[in-house]
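Asks: Residue numbers (the working numbering), protein chains in the order written: chain A, 1 to 328; chain B, 1 to 328; chain C, 1 to 328; chain D, 1 to 328.
Bear in mind the hints are in silico, worked out from the structure with no lab data behind them.
Incorrect hints may appear among the rest.
Copies of one chain are not kept apart here, so a pair can be met inside one copy or by any two copies together.
Here are the simulated DSS-like pairs of lysine-lysine, each with C-alpha atoms no more than 25 Å apart in a straight line [stated by the list, open to error]:
#1 LYS314 with LYS230
#2 LYS314 with LYS299
#3 LYS62 with LYS211
#4 LYS62 with LYS310
#5 LYS6 with LYS211
#6 LYS62 with LYS6
#7 LYS310 with LYS299
#8 LYS233 with LYS4
#9 LYS67 with LYS218
#10 LYS62 with LYS218
#11 LYS62 with LYS215
#12 LYS67 with LYS95
Computed from a prediction, not measured in an experiment: that's the story for all the values here.
There are 4 protein chains.
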Amino acid sequence: MPNKIKKIGVFTSGGDSPGMNAAIRSVVRSCAYYNIECIGIYRGYEGLMEGDFESMDARSVKGIINKGGTILKSARSTEFRTKEGRQKAYDQLNKAGIDALVAIGGDGTFTGALVFNEEFGFPVMGIPGTIDNDIVGTSHTLGFDTAQNTVVEAIDKIRDTASSHNRLFFIEVMGRDVGHIALNTGIAGGAEEILIPEEDLGLERLVESLKRSRKSGKSSSIVVVAEGDKIGKNIFELKDYVDENMEGYDVRVSVLGHMQRGGSPSCFDRVLASRMGVKAVDSLLEGKSNYMVGLINNKMQLTPLDNAIKGKTKINLELLRVSDIMST
Amino acid sequence: MPNKIKKIGVFTSGGDSPGMNAAIRSVVRSCAYYNIECIGIYRGYEGLMEGDFESMDARSVKGIINKGGTILKSARSTEFRTKEGRQKAYDQLNKAGIDALVAIGGDGTFTGALVFNEEFGFPVMGIPGTIDNDIVGTSHTLGFDTAQNTVVEAIDKIRDTASSHNRLFFIEVMGRDVGHIALNTGIAGGAEEILIPEEDLGLERLVESLKRSRKSGKSSSIVVVAEGDKIGKNIFELKDYVDENMEGYDVRVSVLGHMQRGGSPSCFDRVLASRMGVKAVDSLLEGKSNYMVGLINNKMQLTPLDNAIKGKTKINLELLRVSDIMST
Amino acid sequence: MPNKIKKIGVFTSGGDSPGMNAAIRSVVRSCAYYNIECIGIYRGYEGLMEGDFESMDARSVKGIINKGGTILKSARSTEFRTKEGRQKAYDQLNKAGIDALVAIGGDGTFTGALVFNEEFGFPVMGIPGTIDNDIVGTSHTLGFDTAQNTVVEAIDKIRDTASSHNRLFFIEVMGRDVGHIALNTGIAGGAEEILIPEEDLGLERLVESLKRSRKSGKSSSIVVVAEGDKIGKNIFELKDYVDENMEGYDVRVSVLGHMQRGGSPSCFDRVLASRMGVKAVDSLLEGKSNYMVGLINNKMQLTPLDNAIKGKTKINLELLRVSDIMST
Amino acid sequence: MPNKIKKIGVFTSGGDSPGMNAAIRSVVRSCAYYNIECIGIYRGYEGLMEGDFESMDARSVKGIINKGGTILKSARSTEFRTKEGRQKAYDQLNKAGIDALVAIGGDGTFTGALVFNEEFGFPVMGIPGTIDNDIVGTSHTLGFDTAQNTVVEAIDKIRDTASSHNRLFFIEVMGRDVGHIALNTGIAGGAEEILIPEEDLGLERLVESLKRSRKSGKSSSIVVVAEGDKIGKNIFELKDYVDENMEGYDVRVSVLGHMQRGGSPSCFDRVLASRMGVKAVDSLLEGKSNYMVGLINNKMQLTPLDNAIKGKTKINLELLRVSDIMST
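Just chain A, with the same shape it has in the complex (with noise of 0.2 Å):
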């Protein structure tokens, strides 16, 4: 099947994500196993101009695949964006002898790929690796699934504490275009109201719903909130809102930011980030170039990158109107 490509460049770029590292792993035995050579680059779109790469074999990503983060660390890169340095980036593939890459992000480092493959028509392969599953042409982004459990286990420690004080939580999880995240968590939290930034509620209906969940026997409340919800207020604006607008009741806010990236990936993500790997390097080697692979029905599919760039995936409309009958 070996093509006449030698030698694979592999980067993580942008926000990172749990299942990057088992990407990489990945996309480097692949390698290993076509005995082709893999170079691991740093920083992303940053470490390609600079040069900052390192060959990387099977043994180098021993005992990585259960680690959050990534191995290579991401950046985000203005530079790149430039005609000159995306010249530069290309000198040091040419220098390095690297023939393809293999570039794990979302769609600004897909973006920054395509643009580089049609001035270069270097080969370009994408790995979807974001939590916010926001990617089109595949169910699920690497991440998404980790950084779910991640939130689930945090409402589930706040309902404690929130049911022993019958308390109503705003908590905001990360999703500042797509819902997703908020939506399925939310669910599998028991929130009684999820905010997201496709469908607007609204300020009154909100409260309108709490004070009736309030009236059906609830005692304490969870609203999971995404970043950019549609209300357009930010969260402490909406305990405000609510402080004002309810009587009797004792609101906080809890913000999970950050931790939501990290954490060791979960079984779903692992497994994903190995097909993903494997499909990359099989497409390349096949000669093929500018797609992302993703997943689709549960099968290795891949998406022209101008496509998976496009837009965002759409929220679920089932899964909308199933959280309206779990918080009956």
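For this one, chain A is given, so just place chains B, C and D on it according to the hints.
Replies: For chains B, C and D alone, kept in the frame of chain A given last:
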């Protein structure tokens, strides 16, 4: 939408799995949403025959979404396999005015439901709850995801001590007839070898592979073994064989056992359970019967119960290949 | 051993903490062991004044040892601070035939119990339940150990992403007046700096220390900050100061918040709670009153309640030194 | 404070335990703090005799405080029990210019260190690392706290399935000679019975107790059994005995095994390890030798090594009583 169904009974049967409580909660709340009654039936078919029933409303299932096990208890029944037993069950249902049943369990449970429906024309709907993921008609059974995470966390711990001592560990995981847990957790746990019932690796190839692995520089090794692996030896016999046929190895065995069935369900299993409960109640109210709800291509779908109990789900051959490449 | 005490009431009050349920269980089972009645009092002093009581036997506390929060709920009461409030409480106790009280909570709870005892001569025994570990008379309060593990797991996750991006994180943990959680979790989380209320490091020394740390080759840093740190700035002001006074740093803030109060108690907290409940009931039956049970040199010991509420436990200076050496 | 000691060697030996890496890190950073050299010795006494050494600085131990196992690996050595073996070790130390040793392990490790010191007058300091908590001179050995939490989490999971099926589980935990793990986790896991090597309950009393427990309304039961329990039957024989002598019980066995030795250390173990490492280096630099550092009454204290290896720590009788009362 509601047809003549006014009272739905729900029970869990067979081996328990994480997510069963979340499914019970979902059935109960879906009934509350439609203003129909819901009756919890204790201890599966045993309680069905004895009339061990309890009326449940939305508040009855508060605080159980994150609990392992099943608040309705489970049991295996021999009496229900007799015509007399099933007649008793039917009489109890009539007496209680129950119109339809949601059965949460595995293929044994569904077989019982199917026979019962054939004899009495009683509407039944199945929800697949088993950690083994061996039910046709759903990509994931309830509890499979959680059990995998439990196993992977245990493997991570064992690897700590394995690599400190340069040991070889055989780790037995559940899966008498199917290797889904073993295959996925083996990949996720970074196992050097995975023994599953679907594939006969052979003892000699196992030993060869382990020797090769040691030569390539690995100082410790993990072999994940499904209970029902095809080599036909139990895990202690495997250990003895390796002890006799490989020198310089310190071989240990760990049987993970029943902890795999318990634990707080993962986000995935809680969401899946919530979706399945809604779909089951919706389907009964639409006049459907004799189906199992399942996840197919990330959507809720119905599969006729007699299809669901035919055969077992197949191992994903892609995963076997990924496993081979990863242990490079 | 039993004297005239025939019925003991138990309640939780103030901020909840993991292990409170295990302590309730222990009080209830100890009463059952001695064949005396046990009454659960809901919502602390609020429920005491309202007579919100429930009789509890050994089976009532089944399955709660591993649950966070408190099944008896907690509350803060202003009315109990009045003479009238306490008279109401006394009347309710008399009406219910309760002879003695076990109060689980922090120093606010104990102050109430002490005043109540002074006025009515009612036998009271305290169990220290608070995550802050700030109560004199015990080396460990209930929930302290669990909260520390919760914090350390969160720090571990944050470090994954911090080191992937070479970031500096300020992480706020609980501890308004005392730095026990911050100091211990800072050491355990490998923090470069720890800011506690007991010690004024000063902003300049903080910045110097962080610069030195970066120079020594550390690419990411964690600073653990107690809510009430002495520098007198909140954590967002700290971030701003560092942003302004250090170049090339990507500084982030994470406030861990209320999840620190919840979660399944650790083995240590469950055993401690079990011991404390037994000791509290034993002591009441021996005719003692006005004491707090505590762990001193790994043994159950009594401390007069008025000593327990005087001042706060001191920071262990040895730990400060260990922290300094560890961040070498 | 530094005397003539210029180079300290550190190693781990015997069974590994969580916290060993944190202790290595602490020894290394303490050396860095005092500007003396630190040498990591691989595979315990084996590596000592072979000169398997590596120089370590503050950065070498980055990111290991939260890792289970030991980066220096561990081994059991028979050769070091011979005079020739120890001479080889001494020669290697001389050759490398190492002045003093920190030995992390259990009583076997300390016995070796003591003999070595007697023969060659070489300064040695011990750090107690074993999950069994059986070393005299410290209230807690490294890893004991973590192992207890691992066991309790497993028991919680098993209880989920036990109570769903009304089963009786025998759960075997580590502790060949001492019952500390069994006793503490039995209490924390809500076990009905706890079998430990220090106490011979007798099979009949066990059966009587289980019958009483069932009569009192408990539908499921957990019995925690230490490996070396005094009844003198292995756990499968126990099961058989109960199967034969009690009707209507569904009895299962779970052997938790080596996962108890691994896993990320708890906050407590990380702090303890950090303190012990500092104390060990401090003490060597003060010219002391032949001591073990330990936690006594929450303070770091030294115990002569020959005391530390004499006998085993005693079971806390108070805990036995608490256990009895809790299973009321």
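Asks: Starting from the hint list further up, note which numbers the structure goes against and sort them upward.
Replies: 4, 5, 8 and 12
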